[in-house]
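S.K.: Please build the complex by placing chain B on the supplied structure of chain A, with the hints as guidance.
If you're matching them up, the sequences are chains A and B in order. The UniProt record's numbering applies: residue 1 is where the first sequence begins, and numbers increase by one. The UniProt record's numbering applies: residue 1 is where the second sequence begins, and numbers increase by one.
Please note: incorrect hints may appear among the correct ones.
Capping the alpha-carbon separation at 20 Å, the derived lysine to any residue pairs in SDA-like fashion look like this [what the hints assert, rightly or not]:
#, chain 1, residue 1, chain 2, residue 2
1, A, K73, A, E62
2, A, K93, B, W188
3, A, K87, B, Q185
The calculated label-pair distances, taken between Cβ atoms and stated as ranges, are [stated by the list, open to error]:
#, chain 1, residue 1, chain 2, residue 2, range
4, A, E150, B, P163, 35 to 43 Å
5, A, E150, B, I262, 47 to 55 Å
6, A, R177, B, G183, 34 to 42 Å
The hints are simulated quantities; they were obtained by calculation from the structure and are not laboratory data. No residue lacks a Cβ here, since even glycine has one placed at the ideal position from N, Cα and C.
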Amino acid sequence: MSIEVRNVDKRFGDFVALDDVSVSIPTGQLTALLGPSGGGKSTLLRIIAGLENADDGTIEIEGVEATHLPPQKRNVGFVFQHYAAFKHMNVAKNVAFGLEIRKRPKADVERRVDELLRLVHLQQFAHRLPAQLSGGQRQRMALARALAVEPTVLLLDEPFGALDAKVRKELRDWLRRLHDEVHVTTVFVTHDQEEALEVADEIVVINDGRIEQVGTPDQLYDEPANDFVMSFLGDVTRLNGVMIRPHDVDVNSTPVDGAVVGTVTRLLRVGFEVRVTVTAEDGHDVAVVLSRAEARGSGLAEGATVWLTPHRGALTVDARPAAGVSA
Amino acid sequence: MARSSRVREPLWVRLILRTVVVTYLVLLVAWPVALVVLNTFQDGFVHMAEALADPVVQNALRLTAVVAVSAVVINLLFGVTISLLLVRYEFPGKRALSAMIDVPLSVSPVVVGLALLLVYGSRTGWFGPALADAGIQMVFATPAMVMATAFVALPLVIREVVPVLEEVGDEQEQAARSLGAGGAQTFWRITLPSIKWAVVYGVVLSLARSLGEFGAVKVVSGNIVGRTQTATLVVEQKYQNFEQTTAYSVAFLLAFASVVCIVVVSILRPKEES
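Same shape as in the complex, but just chain A (with noise of 0.2 Å):
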């Protein structure tokens, strides 16, 4: 294991940011830190990091105790969420910082810069200033910074956070594709759920100070450990006091024995999916999603009685704090 975070309490005033925290990171792995922020994640990356010192519990980063440890002795790779770009120097300054700062010959410094700037398709950027960087070049440089001192870990503070959705999708892939080719034992935090499903190998979700769930993406989204990691992960709606997915209901146009009676009180039509609103007969809404297809197989319409039940075999949580998983 890479990094073990043992017991870790964190406080701002009354505020309890961490609360006796445990985790294990596996050493070459991209791993996600997902919740909702104010939940403890980022806190618990600067702890790493060391620019955060825990209250109580201890730090162990490859098999060194670094609870102690200032910043410039636990060799971390930190990238900020808003790039902190060293403004006053250009882009290779920036990069080489950390090796001029241990004192590399000059050669040695010049031909990781090169190196390092092909890696993130910045060589011909190499004297611009950050201000002269849109903000997806500007963090692919201090993931460059970041990555010249051959830190033991990487860490990421919601690095793609603000990017705009297009540039911060381009990024997302080529940040797995760079995991995959440096293999550095990766943390990085979001709020974005589908961003941590799609980039990571694990993911640990913490929420209130917490750790809710920790596994690989599809344990997580088939296996929930309870309602909070289900609605985290993905939309939720409850049918029969039970949470399930949207899409995990099926809407029949007569009647099953034992389904939740509904109305359709609204039908939307996003692109290829159909949202559905079915008012059931008890007053609360459930939500379904349908393909285009199925929508219009079923002939639904507004003001249609409809019969709902769960397909066969879709997960679903008790809508209960902490409940087990019945599938």
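M.R.: This is chain B only, laid out in the frame that chain A set:
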């Protein structure tokens, strides 16, 4: 496009506003300063040459330079340190410290001078007698004059640097730390370059202020002709002794030095921002 999107006042309003501002500046600043220049050079460089040949003036100019430069160096070191302390660290009494820094701006320099006399006066001051016994004369000598000047100009560096430090934030410093830089390396390579222009501006402002300081210096210097007189004190004395032309010449030199400071800054600054 930018022009048309801006709200434009009617022509007559703009003309009146412009006239008021220009009149105000001319009456208050431009005309009086111009008169100093005119009076200095009414007979060419004769009066200036006379003034510069006067040993009292020579001594005063030298002393002014020593006092002003010393005060600026002190304010530079303490100003940057206090700014960092105020922006980057949390400690009890921080608000009180921040408020105290503005005291020199609101207290009359004469009061500053008297206060220093109370502490460092060689017969009655708190530390004065002890220092005098040790052979260090503070009051009526250069040390107290430097202190008085440094006191008066103290806020100028800090008030320039603090907002810039706040705006820059500490992410770049954290990034430098994570890349292996220690505290000193981070300061010299990251913090200082990013506040460079605020520091330069603060230094120039406090240099201009230090050159022109009068009240506090007059009280603590004793105004001893040829020994503890700075340029501003010479101006007053020469004027009162009916040596107007010398007074104007020295006054011109003081004004000229300040204008040079401001011009230098305005030449340097735009390059940085492009």
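S.K.: Next step is simple, just say for each hint if it's right about the structure.
M.R.: Do the hints match the structure? See the list:
A distance of roughly 13 Å separates the Cα atoms of K73(A) and E62(A); the hinted pair therefore holds under the 20 Å criterion. Our distance criterion of 20 Å between C-alpha atoms is met by K93(A) and W188(B), whose separation comes to about 15 Å. Distance check on the hinted pair: K87(A) and Q185(B) sit about 16 Å apart at the alpha-carbon level, within 20 Å; holds. Between E150(A) and P163(B) the beta carbons are some 38 Å apart, a value that agrees with the proposed interval 35 to 43 Å.
Checked against the hint of 47 to 55 Å, the C-beta distance between E150(A) and I262(B) comes to roughly 49 Å, which is consistent with it. Our hint of 34 to 42 Å for R177(A) and G183(B) holds, since their Cβ atoms are close to 37 Å apart.
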